Amino acid sequence: DTEVTQTPKHLVMGMTNKKSLKCEQHMGHRAMYWYKQKAKKPPELMFVYSYEKLSINESVPSRFSPECPNSSLLNLHLHALQPEDSALYLCASSQVLAGGNRELFFGEGSRLTVL
Amino acid sequence: AQRVTQPEKLLSVFKGAPVELKCNYSYSGSPELFWYVQYSRQRLQLLLRHISRESIKGFTADLNKGETSFHLKKPFAQEEDSAMYYCALSGESGSRLTFGEGTQLTVNP
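Respectively, the protein sequence lines represent chains A and B. Numbering (the numbering used here) for the first sequence: 125 to 239. Numbering (the numbering used here) for the second sequence: 2 to 110.
It is worth saying that the hints were derived from the structure and are not from the lab. Warning: the hint list may mix true and false statements.
Rough simulated footprint, nothing fancy, chain B against chain A, three-plus residues with beta-carbon under 8 Å [claimed, not checked]:
#, stretch
1, 160-170
2, 204-210
3, 230-237
As the structure is a computational prediction, the values presented were derived from the model and not from experiment. Where is the CB? At the ideal position from N, CA and C, for every residue including glycine.
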């Protein structure tokens, strides 16, 4: 299995809802990432997990809460979001390699709409 | 700080013509440069990386540290090359991959 699988593909939520995005990979990768992508813009890094520990938080608001329960799964818990948080949320995974030469494998994304 | 600049949002060429997608970067250390591609209705995927020095689907890219550039080239464009192309940079740790704004390439028949 060489894919990163994200669920759900589409999510509509109100500003008071609590929801979660899920990401799964079975490539044995020990680094996992959340990116946010607005329309016609590049992906922007949100969080990085390395060996199931949070290693990078790009000053993301606390209404986004990541979780890495094991080496194959990555969640993004959403609470009290704003309409401007509507975007495509991409999950990615990679090997943890010394140096910068990592190939990221991306999922198809979860398209979130906040009403 | 690390930054990637792709000056062209849109690029249109005819089939068989050469194509060059420009990428410039800013980084104080030793960068790793990549080109990622997203074909219509497909996921973002790696096209090539500078450290491999390989040609993928006829594309090549050379890292020019003097000009801080990593332009993507192909001598003869094909219609199936139409896609969004992102230049990306990571630093020594490899964790933080920063993307440029992207160039939408259209190859016309």
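Query - Claimed coverage, the stretch 204-210 of chain A by chain B - three or more beta carbons nearer than 8 Å - result: Answer violated; 0 residues pass the 8 Å Cβ test.
Requested in this report: Confirm or reject the coverage of the stretch 230-237 of chain A by chain B under the rule of 3 or more residues with a beta carbon closer than 8 Å to the chain's beta carbons.
Outcome: With 4 residues close enough to chain B, the hint holds.
Query - Whether chain B covers the stretch 160-170 of chain A (at least 3 residues having a Cβ closer than 8 Å to its Cβ atoms) - result: Coverage by chain B holds for the stretch 160-170 of chain A (5 residues, Cβ < 8 Å).
Consistency note: the structure conflicts with earlier hint 2 alone.
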